[in-house]
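> Chain residues, written in single-letter form:
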Amino acid sequence: MSVSIVPTLRVLTPVGVLLGTVFVGLVFGYWANAAFFPGTAPQQPINFSHRIHAGEFEIPCMYCHTEARRSTSAGVPSISKCVGCHQSVATERPQIRLLMDYWVNKEPIPWIKVHDLPDFVYFPHKRHVQAGVECQTCHGPVETMDVISREAPTEMGLCLTCHKEHQVEFGLDCLTCHK
Amino acid sequence: MSLVGDFLTRWRAYRKPGYIYGDEFDGARRDYDEFDYAWTMTIDLDRCTGCEACVTACQAENNIPIVGATAFAKGRQMQWIRIERYWEGEYPNAKLGFIPMLCQHCDAAPCETVCPVSATYHNQDGLNAQVYNRCIGTRSCAVYCPYEVRYFNYNNPVWDAPLAEQLNPDVTVREKGVMEKCTFCIQRIRQAKDHAKDDGRRRVRDGEVQPACVQTCPAEALIFGDRKDPESRVSISMNDPRAYRVLEELNTDPSVIYLKKVDDNAG
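From first to last, the protein sequence lines stand for chains A and B.
Numbering-wise (the working numbering), the first sequence opens with residue 1 and increments by one.
Numbering-wise (the working numbering), the second sequence opens with residue 1001 and increments by one.
No lab work stands behind these hints: they were computed from the structure.
This structure is a prediction, so every number in the text was calculated from the model and none was measured.
There could be a bad hint or two in this list.
Computed cross-link-like contacts, DMTMM-like style, restricted to lysine to aspartate or glutamate with a CA-CA straight-line distance of at most 25 angstroms [as the list claims (entries may be wrong)]:
{"#": "1", "chain 1": "A", "residue 1": "Lys-179", "chain 2": "A", "residue 2": "Glu-169"}
{"#": "2", "chain 1": "B", "residue 1": "Lys-1197", "chain 2": "A", "residue 2": "Glu-151"}
{"#": "3", "chain 1": "A", "residue 1": "Lys-164", "chain 2": "A", "residue 2": "Asp-146"}
{"#": "4", "chain 1": "B", "residue 1": "Lys-1176", "chain 2": "A", "residue 2": "Asp-116"}
{"#": "5", "chain 1": "B", "residue 1": "Lys-1176", "chain 2": "A", "residue 2": "Asp-146"}
{"#": "6", "chain 1": "A", "residue 1": "Lys-113", "chain 2": "B", "residue 2": "Glu-1175"}
{"#": "7", "chain 1": "A", "residue 1": "Lys-113", "chain 2": "A", "residue 2": "Glu-143"}
{"#": "8", "chain 1": "B", "residue 1": "Lys-1260", "chain 2": "B", "residue 2": "Asp-1199"}
{"#": "9", "chain 1": "A", "residue 1": "Lys-179", "chain 2": "B", "residue 2": "Asp-1199"}
{"#": "10", "chain 1": "B", "residue 1": "Lys-1197", "chain 2": "A", "residue 2": "Glu-67"}
{"#": "11", "chain 1": "B", "residue 1": "Lys-1228", "chain 2": "B", "residue 2": "Asp-1206"}
{"#": "12", "chain 1": "B", "residue 1": "Lys-1228", "chain 2": "A", "residue 2": "Glu-169"}
{"#": "13", "chain 1": "B", "residue 1": "Lys-1228", "chain 2": "B", "residue 2": "Asp-1036"}
{"#": "14", "chain 1": "A", "residue 1": "Lys-126", "chain 2": "B", "residue 2": "Glu-1090"}
{"#": "15", "chain 1": "B", "residue 1": "Lys-1197", "chain 2": "A", "residue 2": "Glu-56"}
{"#": "16", "chain 1": "A", "residue 1": "Lys-126", "chain 2": "A", "residue 2": "Glu-92"}
{"#": "17", "chain 1": "A", "residue 1": "Lys-126", "chain 2": "B", "residue 2": "Glu-1052"}
{"#": "18", "chain 1": "A", "residue 1": "Lys-179", "chain 2": "B", "residue 2": "Glu-1165"}
{"#": "19", "chain 1": "B", "residue 1": "Lys-1197", "chain 2": "A", "residue 2": "Glu-169"}
{"#": "20", "chain 1": "A", "residue 1": "Lys-179", "chain 2": "B", "residue 2": "Glu-1034"}
{"#": "21", "chain 1": "B", "residue 1": "Lys-1228", "chain 2": "A", "residue 2": "Asp-173"}
{"#": "22", "chain 1": "A", "residue 1": "Lys-179", "chain 2": "B", "residue 2": "Glu-1084"}
{"#": "23", "chain 1": "A", "residue 1": "Lys-179", "chain 2": "B", "residue 2": "Asp-1240"}
{"#": "24", "chain 1": "B", "residue 1": "Lys-1197", "chain 2": "A", "residue 2": "Glu-107"}
{"#": "25", "chain 1": "A", "residue 1": "Lys-126", "chain 2": "B", "residue 2": "Asp-1194"}
{"#": "26", "chain 1": "A", "residue 1": "Lys-164", "chain 2": "B", "residue 2": "Glu-1061"}
Here are the computed distance ranges between Cβ atoms for each label pair [claimed, not checked]:
{"#": "27", "chain 1": "B", "residue 1": "Lys-1261", "chain 2": "A", "residue 2": "Met-156", "range": "26 to 34 angstroms"}
{"#": "28", "chain 1": "A", "residue 1": "Gly-55", "chain 2": "B", "residue 2": "Ile-1236", "range": "39 to 47 angstroms"}
{"#": "29", "chain 1": "A", "residue 1": "Met-156", "chain 2": "B", "residue 2": "Asn-1168", "range": "19 to 27 angstroms"}
{"#": "30", "chain 1": "A", "residue 1": "Ser-73", "chain 2": "B", "residue 2": "Asn-1251", "range": "43 to 51 angstroms"}
{"#": "31", "chain 1": "A", "residue 1": "Leu-9", "chain 2": "B", "residue 2": "Ala-1071", "range": "42 to 50 angstroms"}
{"#": "32", "chain 1": "A", "residue 1": "Phe-57", "chain 2": "B", "residue 2": "Ala-1071", "range": "52 to 60 angstroms"}
All C-beta atoms in this analysis are idealised placements derived from N, C-alpha and C, irrespective of residue type, glycine included.
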């Protein structure tokens, strides 16, 4: 008497198909998140263009992001910085009117963070700016972007490659970046 | 190099990463010969009153979860520093002693050699580092730790409504399945180094770094510093004749040094 495995397989086929579909779905879902596509950019409350400000008018990054050279976070400029120029410049544009609404209502602009590192990473901007690292190394060619998107892969590999290349003292120690 | 000599060097390297191995040894895992800093803490048991201010400070500074009654009953409470109580003698001559117990940052740490994924290792500052992202939660390190100071996250941490607002942004909130322990407040050490660099200094001055427990101790029983600097407060304090290390016979070479309590009524 021989025992065949075929009837068992026949019963298991739908289960197998189901599991396979779920597996493929999980894999696809993992890769198809927003972080995977480098070009995706969130819709910001105001269509601020870095191309016009940093590119055409050549305003230095540090003029608005003043904290980058002396703080861990680069910081988003306060509205008063925007209004400083825009109370006399291009006041009639619709986007500037939007800005002035925030100014009049004394509300902060709810910008959406694009280059958002995970919470377990310690990245002091001041160390890197003082060491002469170009902003574009991690942020991509910001001066050509109308809408900011995440161009450079801000992942561990980028940090380690750069630390290795510049022979940062103890730059490969885990606790240098992980907190 | 002879087979035996090589074996001994390798064994020493395995047991004491960060120490001098000799030039010809190419199996060294680090590119430095000795510690850059050697962070050390001394705890004066004569001053310790067992008030647990250090425990509370640590809890607040390092986002240590409050596990709740059920988990507590299972012995899953987390305290990176805890006060051990010791009763000596019989009533009416009973005496109470306290020993604050925290990660000893052993230079020959048993926990480091057993981690299958190198989530815990010794870094150039003489710190026993724990990398949460690497940890896969085998808990072998906790088994091997003779001081029982490693704590495992059996559950995801939960903070009741207003408490989540007081989390320290400089410290990761560990999730379920990860081992954690005292870091000597690595975030403060890192910050002090950053400030030193801003001032154009290579090294941190003595007293610039204070872990939360040291800062809080009302009796100043805890002293923290770099024992490589012979002038530092901790170096002076660790040369006290009362100094000893807990479970010294295990040769773990701890970085936490206790100063014995002097008993006035003894002998």
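> Now, for every hint given, state plainly whether the structure supports it.
Going down the list of hints, with the structure as the test:
For the hint linking A:Lys-179 to A:Glu-169, the alpha-carbon distance of about 18 angstroms falls within 25 angstroms, and the restraint holds. The hinted pair formed by B:Lys-1197 and A:Glu-151 fails the criterion: a straight-line CA distance of about 30 angstroms is larger than 25 angstroms. Distance check on the hinted pair: A:Lys-164 and A:Asp-146 sit about 33 angstroms apart at the alpha-carbon level, beyond 25 angstroms; violated. Distance hint between B:Lys-1176 and A:Asp-116 is fulfilled; the C-alpha atoms sit about 23 angstroms from each other, no more than 25 angstroms.
Restraint check for B:Lys-1176 and A:Asp-146: the C-alpha separation of about 41 angstroms exceeds 25 angstroms, so the hint is violated. Between A:Lys-113 and B:Glu-1175 the alpha-carbon distance is near 24 angstroms, which keeps this suggested pair within the 25 angstroms criterion. Between A:Lys-113 and A:Glu-143 the CA atoms are separated by roughly 17 angstroms; this keeps the pair inside 25 angstroms, and the hint holds. Only pairs whose Cα atoms come within 25 angstroms are accepted, and B:Lys-1260 paired with B:Asp-1199 is rejected, the gap being roughly 38 angstroms.
For a cut-off of 25 angstroms, the pair hint linking A:Lys-179 to B:Asp-1199 stands: about 23 angstroms separates their Cα positions. Distance check on the hinted pair: B:Lys-1197 and A:Glu-67 sit about 17 angstroms apart at the alpha-carbon level, within 25 angstroms; holds. Distance hint between B:Lys-1228 and B:Asp-1206 is fulfilled; the C-alpha atoms sit about 11 angstroms from each other, no more than 25 angstroms. For a cut-off of 25 angstroms, the pair hint linking B:Lys-1228 to A:Glu-169 stands: about 19 angstroms separates their Cα positions.
Proposed proximity of B:Lys-1228 and B:Asp-1036 is supported: the alpha carbons are some 8 angstroms apart, at most 25 angstroms. Taking the CA atoms of A:Lys-126 and B:Glu-1090, the gap is about 60 angstroms. The hint is violated against a cut of 25 angstroms. Restraint check for B:Lys-1197 and A:Glu-56: the C-alpha separation of about 35 angstroms exceeds 25 angstroms, so the hint is violated. A C-alpha spacing of about 37 angstroms is found between A:Lys-126 and A:Glu-92, which places the hinted pair above 25 angstroms, so the restraint is violated.
Annotation: proposed proximity of A:Lys-126 to B:Glu-1052 is violated, straight-line Cα distance about 37 angstroms (limit 25 angstroms). Taking the CA atoms of A:Lys-179 and B:Glu-1165, the gap is about 19 angstroms. The hint holds against a cut of 25 angstroms. Distance check on the hinted pair: B:Lys-1197 and A:Glu-169 sit about 12 angstroms apart at the alpha-carbon level, within 25 angstroms; holds. In summary, the hint linking A:Lys-179 to B:Glu-1034 is supported, as the alpha carbons are separated by about 23 angstroms, within the 25 angstroms threshold.
This hinted pair checks out: B:Lys-1228 and A:Asp-173 have alpha carbons roughly 20 angstroms apart, not beyond 25 angstroms. Restraint check for A:Lys-179 and B:Glu-1084: the C-alpha separation of about 28 angstroms exceeds 25 angstroms, so the hint is violated. Distance restraint check for A:Lys-179 and B:Asp-1240: the Cα-Cα separation of roughly 34 angstroms exceeds the 25 angstroms cut-off, and the hinted pair is therefore not satisfied. In summary, the hint linking B:Lys-1197 to A:Glu-107 is not supported, as the alpha carbons are separated by about 36 angstroms, beyond the 25 angstroms threshold.
A distance of roughly 9 angstroms separates the Cα atoms of A:Lys-126 and B:Asp-1194; the hinted pair therefore holds under the 25 angstroms criterion. The hinted pair formed by A:Lys-164 and B:Glu-1061 fails the criterion: a straight-line CA distance of about 32 angstroms is larger than 25 angstroms. Distance hint check for B:Lys-1261 and A:Met-156: the Cβ-Cβ separation is about 47 angstroms, which falls outside the suggested range of 26 to 34 angstroms. The hint said 39 to 47 angstroms for the Cβ distance between A:Gly-55 and B:Ile-1236, and at roughly 59 angstroms that hint is violated.
Look at A:Met-156 against B:Asn-1168: about 23 angstroms separates their beta carbons, and that is inside 19 to 27 angstroms. Range check, A:Ser-73 to B:Asn-1251: about 44 angstroms between beta-carbon atoms, so the 43 to 51 angstroms window is met. For A:Leu-9 and B:Ala-1071, the hinted distance range of 42 to 50 angstroms is satisfied, since their beta carbons lie about 45 angstroms from each other. For A:Phe-57 and B:Ala-1071, the Cβ-Cβ distance of about 58 angstroms falls inside the hinted range of 52 to 60 angstroms, so the restraint holds.
Checked against the numbered hints above, the structure violates hints 2, 3, 5, 8, 14, 15, 16, 17, 22, 23, 24, 26, 27 and 28; every other hint is satisfied.
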